[in-house]
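We have chain D already, so just place chain L on it with the hints.
Spelled out, the chains give:
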Amino acid sequence: GAVVSQHPSRVICKSGTSVKIECRSLDFQATTMFWYRQFPKQSLMLMATSNEGSKATYEQGVEKDKFLINHASLTLSTLTVTSAHPEDSSFYICSARTGEYTGELFFGEGSRLTVL
Amino acid sequence: QKEVEQNSGPLSVPEGAIASLNCTYSDRGSQSFFWYRQYSGKSPELIMFIYSNGDKEDGRFTAQLNKASQYVSLLIRDSQPSDSATYLCAVSTGFQKLVFGTGTRLLVSP
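Going line by line, the protein sequences match chains D and L. -5 is the number of the first residue of the first sequence in our numbering; add one for each residue after it. 435 is the number of the first residue of the second sequence in our numbering; add one for each residue after it.
Since the hints were derived computationally from the structure, they do not count as laboratory data. Hints are supplied without guarantee of correctness; some may be wrong.
[To be verified] Here are the simulated DSS-like cross-link-like pairs (lysine-lysine), alpha carbons at most 30 Å apart as the crow flies: (1) L:Lys490 x D:Lys14; (2) L:Lys490 x D:Lys49; (3) L:Lys490 x D:Lys58; (4) D:Lys49 x D:Lys60; (5) L:Lys476 x D:Lys49; (6) D:Lys35 x L:Lys476; (7) D:Lys58 x D:Lys8; (8) D:Lys14 x L:Lys476; (9) L:Lys476 x D:Lys60.
Keep in mind the model is a prediction, meaning the values are calculated, not measured.
The following block holds chain D by itself, in its conformation from the complex (with noise of 0.2 Å):
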């Protein structure tokens, strides 16, 4: 099936960095990624729908100066948590649609943040 990739797996920063994480998609072209957080014992909560050349979609409550999404090919999301504090800390998770309105759901690995 479908393969999303994401990268890194595990980054550990200081509060107040910047940490850059990247989902790709390996095997299709993807023309909207989504982004979720899931803070332990918690469902996914989805933060943007990011769409390939054109401004991310943010839901409300998610602050978009401080988690940059950027779509720039049909095949790279990156999620760039600026200044980054420990209640940041989460495990961020991508996911695309192997098509641009049906198809499954294909997830990435998983990144897990932790901000000292």
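Just chain L now, with coordinates in the frame of chain D:
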């Protein structure tokens, strides 16, 4: 009211038994329904999806959808210890984003 509700569990069943996982949703316009399995520290993996009222079977798994009652369930027959995980119900009103429930933790004891 949460958009997608699940009992957090844990639901404990013995090996070989049937595990029944339930999910309710609030948006009557919901069109697509998904069950994902998530092991601790891992990302979700799709088990089944269902669009129409009724049952859909795939191996040991059966998804059931009742749109009138806004209810979707997942049955796991012949449960195995390897089925122990958190099961996430997800609902979509269209073709884009999914809304996830908080998940039900399933424990299958040998």
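So, going through the hints one by one against the coordinates:
1. L:Lys490 x D:Lys14: Roughly 40 Å between the alpha carbons, so the hint for Lys490 of chain L and Lys14 of chain D is violated.
2. L:Lys490 x D:Lys49: violated, 38 Å
3. L:Lys490 x D:Lys58: violated, 40 Å
4. D:Lys49 x D:Lys60: holds, 14 Å
5. L:Lys476 x D:Lys49: Holds - the C-alpha atoms of Lys49 of chain D and Lys476 of chain L are around 29 Å apart, at most 30 Å.
6. D:Lys35 x L:Lys476: Distance of about 12 Å is within 30 Å: holds.
7. D:Lys58 x D:Lys8: holds, 21 Å
8. D:Lys14 x L:Lys476: Satisfied, since the Cα-Cα distance of roughly 20 Å is no more than 30 Å.
9. L:Lys476 x D:Lys60: holds, 25 Å
The earlier numbered hints that this structure contradicts are 1, 2, 3.
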